[in-house]
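Okay, here's what each chain looks like letter by letter:
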Amino acid sequence: MSNHLLSIVLFTPLAGMLILLLIPAAQKNLIRIWANVAAFAGFLVSLPLWVHFDRGNGGFQMVERGDWIPALGVKYNIGIDGVSLLLVLLTTLTGFIAILSSWNAVDRHEKSYYAMFLLQQTGMIGVFVALDFFLFYVFWEVVLIPMYFIIGVWGGPRKLYAAIKFFMYTLAGSVLMLLGILTLYFEHFNQFNFYTFEISELLKLNLPLGIQQWVFWAFFIGFAIKVPMFPFHTWLPDAHVEAPTAGSVILASVLLKMGTYGFIRFSLPLLPNASIDPWIVQTMAVLSIVAIIYGALVSLMQEDWKKLVAYSSVSHLGFCTLGIFSLNPNGIAGSVLQQINHGISTGMLFLIVGVVYERRHTRLIRDYGGLAHVMPNFAFIFAFAMLSSAGLPLLNGFIGEFTILQGAFEASRTWAAFAVTGVVLGAAYLLWVYQRTMLGQITNAKNRLLPDLSLREWAVFLPFMAWALWIGIYPKPYFDVLEKPVAQLVERVRPGYFEAQAARAQAALIDSGKETTLR
Amino acid sequence: MSEFYTATDHYVVVPAIMLALFGCAVLLFDFWMFPQARHRKYLLLVLIGGEIFTGVHLWRQGNFLSAQGLSELVAFRGSLVLDGFSLFFNWIFVAATIIVAIASYRYLEIEGEHHGEYYGLILVAQSGMFFLAAGTDLITLFIGVELMALCFYVMVGFLRGQKRSNEAAIKYLLLGAFSSGLMVYGFSLLYGLSGSTKLSVIGQAVAAREPWDPMLFLAIATISVGLLFKVSAAPFHMWAPDAYEGAPTTVTAYLAVGSKAASFAFLMRMYLGPLSEGRPTWEPLLIGAAVLSMTIGNIAAVTQSNVKRLLAYSSISHAGYILLGLVAGNQTGIKGMAVYILVYAFMTMGAFIVVVALRRKELIGEDIDDMAGLIHKSPGYAVLMLIFLLSLAGIPPTAGFIGKYYIFLALLETGHYVLAAVAALYVAVAIYYYFRIVRSMFVSEAAETPPLATTVGVRVALAVTGVLTLVMGVYPEPFLRLAQSSLTR
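Respectively, the protein sequence lines represent chains A and B.
Numbering-wise, the numbering used here comes out as the position in the first sequence, counting from 1, plus 9.
Numbering-wise, the numbering used here comes out as the position in the second sequence, counting from 1, plus 257.
Among the clues, some could well be false.
Covered by chain A, according to a simulated footprint, are these stretches of chain B (three or more residues, beta-carbon under 8 Å) [claimed, not checked]: (1) 547-556; (2) 651-658; (3) 663-672; (4) 718-729.
It is worth saying that the hints were derived from the structure and are not from the lab.
Remember, predicted model here, so these are calculated numbers, not experimental data.
Beta carbons are placed, not taken as given, at the ideal position from N, Cα and C, and that holds for glycine.
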């Protein structure tokens with residue numbers, strides 16, 4: 010049983026979906042209840058991963074390995090390290106919350122709606138646990154189809170445009186990524202004379218810098234579109250705005266992380282020489298910083314509440330990629346943690362927009378104002394989410410951003426200086442939207458009688474708030490989980506990094522010793 | 258007698274003979290024994306009997322080859338050959354014929370057309386396909402291609418009462434005859450170069466020539482035109498959209514799968530056999546044709562509103578992808594062509610049979626709008642169509658991805674990086690028009706249309722193609738072994 014724990018986590022949502030398909034479409038309440046049960050079960054079975062995870066081990070754990078397509082050398086190979094552990098937990102929790110939040114919001118074709126969400130859960134978990142590149146690619150693509158339908162069927166007025174744009178954009182990136190994967194596959198055959206897609210085998214490759222760079226760019230297009238990094242972000246505002254609330258939550262909290270995860274899991278370790286190539290690192294850093302500042306500036310200008318949150322994602326994900334390409338332990342660990350934080354706080358922000366949209370069916374900021382008078386609980390939660398997103402100390406966002414900035418500072422002071430402006434701008438657009446919607450007098454008569462949060466809505470927010478507080482106050486368990494895999498990654502990309510650090514610390518110690526003796 | 262027609266000859270050729278005889282039998286039964294409408298189903302049974310006979314014989318031939326440890330069995334002094342390659346393609350033809358035939362029954366009823374001639378023509382066409390897969394002599398191959406094509410000219414124009422069916426048949430016939438003429442001209446040049454019609458002798462003569470020999474170039478160019486026409490690759494694709502649209506939908510399925518697979522078998526025999534030494538001459542031609550096919554197929558499909566026409570353009574683009582396997586030309590590429598043709602056969606048939614199922618007495622059911630809201634009316638058909646379309650686009654975990662996988666890998670292995678990138682990016686374009694159908698089925702509101710009333714035949718055909726399209730994507734191992742067997746020489 011425990012040997013197959015990861016497979017159980019992976020396939021619980023799929024099993025839930027298959028059972029869901031047996032329920033007649035007319036039994037709407039039964040469908041809702043079952044979907045929630047299945048998603049909650051998916052979350053519960055993922056909790057033992059956290060308990061059984063061996064923090065002292067930097068490699069992959071709970072590995073399951075079996076033949077799938079021997080003719081191609083494809084294996085069913087799954088396993089997790091600290092990075093995937095956190096993202097899997099984020100996925101299972103967010104999936105459950107997204108499904109719970111849809112109870113009233115979705116009133117047509119419920120069966121297909123929940124089936125799509127559950128299918129997507131399996132796809133996303135699969136992306137984070139796959140250790141075989143072929144398997145990874147299959148899951149990566151599987152995720153696209155449910156999201157197309159979630160946006161295209163249950164979305165807003167421009168849903169068709171947004172859905173196909175999302176699909177085509179991501180697909181164009183993924184097929185180029187596929188070419189990169191196939192190049193590694195076939196280079197591996199050239200060097201070792203057998204075909205395999207397994208990451209552990211591909212890591213043994215010794216590639217010339219030229220090929221590494223080509224493959225890096227192929228991967229980059231796939232991952233950067235998913236993140237999305239500037240200038241590939243244009244699908245994101247459309248998709249986020251048109252998607253139903255739960256779709257936006259999944260999209261922001263989990264789907265975008267597939268891109269950053271790809272950089273950490275594949276680009277850096279498989280292509281170490283390309284990843285420290287100064288030109289590539291500079292490009293990545295510049296694109297990240299542009300995303301941070303540009304995303305924040307555009308957020309400032311939005312009149313649509315949901316679009317504002319969408320653009321804030323571009324800015325926040327810029328921090329994550331900047332952290333990754335700082336290529337030091339602080340940067341990468343901070344980036345992973347910030348991915349979780351972004352999942353939590355942006356997930357909450359989208360849910361918040363969803364709550365008022367369900368009541369008023371408008372997302373324009375100017376239609377609101379003074380909501381704190383009629384919805385005090387709601388105002389409190391919005392304040393919480395906003396401050397978490399803006400990086401207030403004692404909340405999760407602060408820890409992530411701070412660690413990333415530490416990493417960026419170590420890599421280059423200029424980067425850090427630019428990135429800090431993003432933090433300031435972030436606080437600006439978030440506080441401003443809070444002020445315009447929550448504070449002051451009620452400007453619109455329609456808002457006078459809005460009901461405050463229901464019990465179910467509280468239930469939707471509480472897990473995220475608890476998690477945000479935990480990370481904000483006591484992040485040590487998370488850094489413990491990340492320490493070993495991140496150290497291994499840094500050692501892989503920059504061999505000798507830790508020795509040099511230790512030597513420098515030693516030297517500093519001796520220096521200070523000298524000073525004291527002189528005195 | 259024994260010199261002229263040996264036991265080996267008989268053993269190799271018997272499927273083709275029996276197919277032709279069964280074809281004649283269907284015609285005779287139609288005329289003598291089962292003239293009434295209520296007896297029509299027996300005609301279908303005769304066809305299936307012929308296919309079972311062929312299938313059993315192919316199975317025994319395959320066992321014989323592996324039991325004897327032979328890689329091939331040459332018959333008629335080198336005019337026909339029984340090898341893994343011919344067996345592989347003949348299996349595809351058998352599957353395609355059965356699936357198309359069982360899906361045709363109700364369609365013919367609705368269109369009010371004759372059953373006997375239809376089944377007879379299908380069987381005789383398949384007999385021609387046999388020669389295309391097994392022929393190793395220019396004459397045999399030419400007879401095969403003409404036998405197949407003549408049946409198709411008639412079948413495309415089978416709906417005599419409909420203008421567009423007649424128009425399609427005329428276009429197909431005129432262009433087809435012209436391209437056959439060009440091809441035969443090329444054959445005559447090859448004969449002039451080598452003094453033989455046997456592919457093996459021609460191969461030696463071609464190898465002895467300089468790569469840029471003008472005679473050889475002319476021969477290769479004209480033969481290429483004929484072959485590219487048959488596989489409906491651009492720039493010789495003009496007939497395909499019209500023929501596909503005008504033909505009865507079941508014939509379209511058979512044309513898109515049977516005829517195309519057979520033509521690709523023919524094309525592979527030519528380019529990998531006698532013309533393989535002429536690669537410097539034909540490789541640029543094929544690269545051009547492949548890129549043009551993908552471009553024209555994928556771009557033109559975007560604006561189509563008729564599903565059959567849309568699938569015709571998609572089929573042109575698939576021809577481009579398959580040709581890329583030949584451009585790469587290594588082991589992976591050739592195997593990739595076989596795999597691609599296999600998966601293409603089932604996903605394309607499936608998609609066309611959904612269109613067949615949409616045909617009702619009152620409704621032609623070929624427009625994208627006719628599919629509006631299909632998910633609410635007939636969810637099974639909508640989901641199957643989604644699977645076929647995803648597979649056509651090449652999204653895992655469906656069969657189409659495995660085909661594209663091989664083609665991309667082969668291109669990368671042989672250093673065709675730009676071609677690989679172009680081919681890959683067209684996948685993203687393709688998704689746009691395939692998803693126009695998906696959008697109509699899943700997002701648009703249902704129009705008031707009569708419900709679908711289909712037969713067991715259509716359902717079985719759809720179930721088989723649908724399951725295979727999924728299984729080949731999720732667990733392709735046995736199918737990859739099958740394709741591998743086609744290449745062991």
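*So which of those numbered hints doesn't the model satisfy?*
1, 4
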